[in-house]
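Asker: Residue numbers (my numbering), protein chains in the order written: chain C, 206 to 486; chain S, -16 to 159.
Just so you know, the hints here were simulated from the structure itself, not pulled from any lab data.
For clarity, every value in this text was computed on a predicted model and none was experimentally measured.
Warning: the hint list may mix true and false statements.
Here are the simulated SDA-like cross-link-like pairs (lysine to any residue), alpha carbons at most 20 Å apart as the crow flies [to be verified]: (1) S:LYS122 x C:VAL246; (2) S:LYS50 x C:ILE402; (3) S:LYS50 x C:LEU453; (4) S:LYS99 x C:ASP251; (5) S:LYS99 x C:SER270; (6) S:LYS79 x C:SER262; (7) S:LYS146 x C:GLU391; (8) S:LYS70 x S:GLU154; (9) S:LYS44 x S:VAL120; (10) S:LYS129 x S:ASN47; (11) S:LYS147 x C:LEU395.
Residues on chain S that point at chain C, a partial pick, calculated with CB under 8 Å [to be verified]: (12) VAL(-13); (13) LEU(-10); (14) PHE(-2); (15) HIS23; (16) SER25; (17) PRO30; (18) PRO52; (19) SER54; (20) THR55; (21) MET58; (22) PRO78; (23) ARG101; (24) ILE102; (25) ILE123.
Think of the CB as a built atom: it goes at the ideal place given N, C-alpha and C, for glycine as much as any other residue.
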Amino acid sequence: MYPFNKILIERLSQIVFGWLILVVLYQFSNSLLISQLESPVLIRVDLDPIYWLLHLSGLANFLTSNYLVAVLFDSLLFISLIAVVLIPQKQWLKIIASVLFTTYVIMLNSYMCWHYHNLVPLVMLLIPFCVRSIQNFGIWFAGIRYAVLFIYGSAALWKLYRGSVFNPGQMNWMIEYNYMDRMVQEGYALSFWENGIVNLMNYPAIADAILIIGIGIEACFLIGFFTKRFDFVLLILGVVFHIGTTALVEVSFIQLWILFIVFIPNIPFDLFGKIAGRKLV
Amino acid sequence: MIEVWRLNKKLFGLFLIVICLTLFTIIRKIEMTPFFVWSHYSSQHTPEQIYPRSYIRINGKLINLVKLPRSTREMIQIPIEQLIFLKERNFKTIPKHIVENKLNTILSAENIDFVKSRITNSDEDTQRFMHWLARYVGKIYELEVKEIEIGRFDIRFVDGEPKKESYRVIEKLTIS
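Looking at chain C on its own, in the form it has when it is part of the complex (with noise of 0.2 Å):
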């Protein structure tokens, strides 16, 4: 397990937590805040109980329905990542920026009637940052970089068991699905990257073997379970993972890119001792 230090923990609380205050910009820029949703009324639940708990309690409710009470939920939730920035030690600051930030995902997910994934796996990375001995964040830090190769390789397995990656046509499938709004609104003029996608759909064994391609990144994750040995190769693939998605059919998790800090502390180059300036191992 790799050697983390007080100063290391504190470091790595500055690098997550200022990547979520950039996430919260974005969700801002998008009009995605609480206080931005203007007290919305359908909500989805499923059969997760975090969610019902949320909505029971009357939480949920009770901040969204007062855009006061929705400013002040917003402000605090910036605030708090914001001081963690910039008082590093303090445990408990952590505890309820992670508390704020997890409320608001759940809310938006309900609001939005879609358990979307594109946040919560954020949720799961701050975890090791509410614990208090440095040994238990080791332990959580590491546990969590098993839950981000379980999230990739099981992706690639769900592909594999249900079929869909030797389907022929599936690729085109994605493209369609994800462009056919574009292609048929008036008025709307397809980029040169937009018109270079669609036309793929004219060499359909092309796109195919550029999902297989993606798919077999996905499924590289599984190998992460065995050796820590390719754990730099793993986050170079995840951030082209992402990349190529994002090109190919629109679906941007560019938030999850943090993820890939588990990743860190087994690459060759010491870039943990460097960021706490020192040489830990």
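Guided by the hints, dock chain S onto chain C, whose structure is given.
Answerer: This is chain S only, laid out in the frame that chain C set:
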């Protein structure tokens, strides 16, 4: 896991429970935070002839959502889809079914109504939803919304070219 067992036995137990629950939720194909099913785009599909879509019309004019950032667009489109889904099923959902048919043995009728009002929607929410949609879309597009309409249409591919057809109004609201 061996190292975790050596360092912290409580955490080892917790991790074991997490692994077991992860396997359980995958087998049952249910999502319960923090146990998720990462199966996006795993269903088999091939290009189809017809794709049903939803539309939104404000003050008589169709709104072009494609220029919005994807997540903002989804905050408009997915709740519309959800309303259509709920109306097609008379607002009967799995959570509502569980509350009405599984929790009725332990909760009073009054409490059942309370739980339903907190975690589910009913037909009475339709008008409130339309008002919400008018507020949210009006703010995004900086429009004064006097009339709002949502509905369904089909995108049909004819010789590789997509065409819009079969518009059906689902709900309409005039704001005085």
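Asker: For the pair we were handed, LYS122 (chain S) and VAL246 (chain C), check the Cα-Cα distance against 20 Å.
Answerer: 16 Å, holds
Asker: Restraint: HIS23 (chain S) near chain C, CB-CB cut 8 Å. Satisfied or not?
Answerer: 7 Å, holds
Asker: Straight-line Cα separation of LYS99 (chain S) and ASP251 (chain C) no greater than 20 Å?
Answerer: 13 Å, holds
Asker: Does PRO30 (chain S) pass the interface hint, meaning its C-beta sits closer than 8 Å to a C-beta of chain C?
Answerer: This interface hint holds because 5 Å falls under the 8 Å limit.
Asker: So if I understand the rule, the pair passes when the alpha-carbon distance is 20 Å or less; does LYS147 (chain S) with LEU395 (chain C) pass?
Answerer: 17 Å, holds
Asker: Tell me if the straight-line CA distance from LYS129 (chain S) to ASN47 (chain S) falls inside 20 Å.
Answerer: The hint holds at about 18 Å.
Asker: Hint check: LYS70 (chain S) vs GLU154 (chain S), CA-CA at most 20 Å. Holds or violated?
Answerer: Between LYS70 (chain S) and GLU154 (chain S) the Cα gap is close to 10 Å, so the pair holds against 20 Å.
Asker: Close enough to count: is the Cβ of PRO78 (chain S) nearer than 8 Å to one in chain C?
Answerer: Status holds, d = 6 Å.
Asker: Hey, LYS50 (chain S) versus ILE402 (chain C), does the alpha-carbon distance stay inside 20 Å?
Answerer: 17 Å, holds
Asker: Could you check if PHE(-2) (chain S) really has its C-beta closer than 8 Å to a C-beta on chain C?
Answerer: 6 Å, holds
Asker: Closer than 8 Å between Cβ atoms is the bar; does LEU(-10) (chain S) clear it against chain C? Give me holds or violated.
Answerer: It holds, given that the least Cβ distance between LEU(-10) (chain S) and chain C is near 6 Å, below 8 Å.
Asker: Using 8 Å as the Cβ threshold, decide whether ARG101 (chain S) counts as touching chain C.
Answerer: 5 Å, holds
Figure legend: structure checked against the earlier numbered hints; every hint is met.
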